[in-house]
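Student: One letter stands for each residue in the lines below.
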Amino acid sequence: MTNPIPWNGSDLLEEVGQRSGTEVSACFQCHKCSTGCPIGPDMDFLPSQIMRLVHLGAEKEALGSQAIWLCASCEACTTRCPMSIDIAGVMDALRIMAIDRKTALPDAHGKQFHRSFLGSVRRHGRVYEMGMMATYKLRTFDLLSDMDKVPQMLAQGKLSLLPNRSGSIKEVREIFRRAEEEDRKP
Amino acid sequence: MKYAFFPGCSLDSTARAFDVSTRAVCRALGIALEEIPDWVCCGSTPAHASSNSLAIALPALNLQKAQDMGLPVMVACASCYARLRTANHRICNKPEDRRRTERVTGRSYDGGVEVRHVLDVLVNHLGMDAIRAKVRRPLTGLRVVCYYGCLLTRPPEVVAFDDAEHPTCMDELVAAAGAESMDWPFKTECCGASLAMTHSGVVSRLGHKLLSMAQQAGADCLVVACPLCQVNLDLRQADAAKSHGAFHPTPVIYVTQLLGLALGISYENLGLDALTVRAKALFAKRNAGAAGFAGGKS
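Residue numbers (this note's numbering), protein chains in the order written: chain A, 1 to 186; chain B, 1 to 298.
No lab work stands behind these hints, which were simulated from the structure alone. Only a predicted model underlies this, so the values are computations on that prediction, with no experimental measurement involved. Here a beta-carbon is modelled for each residue, glycine too, at the ideal position from N, C-alpha and C. Worth double-checking, as some hints may not be accurate.
Derived list of chain B stretches under chain A, where covered just means 3 residues or more per stretch with a C-beta under 8 Å from a C-beta of chain A [as the list claims (entries may be wrong)]:
1. 22-33
2. 93-106
3. 114-124
4. 150-156
5. 260-266
Taking beta-carbon pairs under 8 Å as the criterion, some of the chain A residues facing chain B (in silico) [claimed, not checked]:
6. PHE28
7. HIS109
8. HIS114
9. ALA134
10. ARG139
11. PHE141
12. GLU171
13. GLU182
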């Protein structure tokens, strides 16, 4: 039998370890993270399988997985890992690398949500929900979902028609600019 | 007792009721709150899933502002709380993270501003005796399950004011308010958080699981301390029932709303009129002097 995912000698393990600041190679596949993962049933790869893909250097499979975008960052895996691996942090590192390397994503919802959310923060210093949702919906061509909930939320004052800007908006824009510079550093 | 208050974006929109009820309860209990001027978004999951630098710098800017105020910080939103605590943790423990944050924000900061969640302030700083002494309308007969969700207790090396797997501080507050906290196994399960935006089917599935279990435990309502938990569980009950089977619609209220009622604050002044699954019947029954509302689901 041939191995469907041969070890390809990439530096994936090292880079994920560096970015997440955690010792990914310490994982001995006990699957405790997967057992407790609330989103496990919806994932293409379970968290422990993602860890194994990283061990194997299977960059295409790990960075192109649906699982890294389904992770809700609930930290159950990180809390329970017997080797104290920050598994939720590994998921973050993989998401960042997938965007950096322009990996083909199974769906763009997670990426577009993060973009729309951070765009709103950069513009207003705070999230302007209506604007953020409109941008996100346009970017994902998903104009109809959850629209039934909007009138009620407006009536209850849970959504506002206008943004509530922070007075520190200049400082926030500088922070975004300098954070991009920092992230570009090798 | 005085705190710099960080409301965060949710408390300004979908969780306005959490904002209103937190301020009302603190006022009633003599905890002074001063809002951090020109606070900015903590970045939440989109920041930590996109940029290591941004994920620490945005919370740090708020902490630097609190440092200027000379006050410890109180947060209500569980997600903001986790982000602010994580920023402090990384700045304190990783010198490179501190240097980078200072470069990005352009201000110096040593990670030393104390950050506490409202539950932590109530239970561990103010103390249960002080709260019990102020309860005027005990919610006798009300049966609730306390739902802590993810980020109030995880990861324990960052947050650490209650047990990560079996927290009890909210149960103590519920008991002080005169209600009964039912035992149930999903205290710290996840509601799906921001997947509501991107994969709402997952959130419906998780909501169905949580709400069905709450019903099995015999709860009249769920008590929460996180804006995402509240909105995911309250707003999507019809979706969850449609996709995964019917269950009794169950109100999902903030712990500060429950405590506020027991302290004698009015229903409207706690934002309780802005729930999707209404709770008025639960509390009207009790005020009418009926024999509590045990088993009181109509």
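Student: Hint by hint, say whether it matches the structure.
Tutor: Evaluated hints:
1. 22-33: Our answer is that it is violated, as 0 residues pass the Cβ test (under 8 Å) against chain A, missing three.
2. 93-106: holds (count 6)
3. 114-124: Check failed, 0 qualifying residues.
4. 150-156: n = 5 at 8 Å, threshold three: holds.
5. 260-266: violated (count 0)
6. PHE28: At about 20 Å, which exceeds the 8 Å cut-off, the nearest Cβ of chain B leaves the hint on PHE28 of chain A violated.
7. HIS109: holds (4 Å)
8. HIS114: holds (4 Å)
9. ALA134: violated (12 Å)
10. ARG139: violated (11 Å)
11. PHE141: violated (14 Å)
12. GLU171: Holds - the Cβ of GLU171 of chain A comes within 8 Å of chain B, reaching about 7 Å at its closest.
13. GLU182: holds (4 Å)
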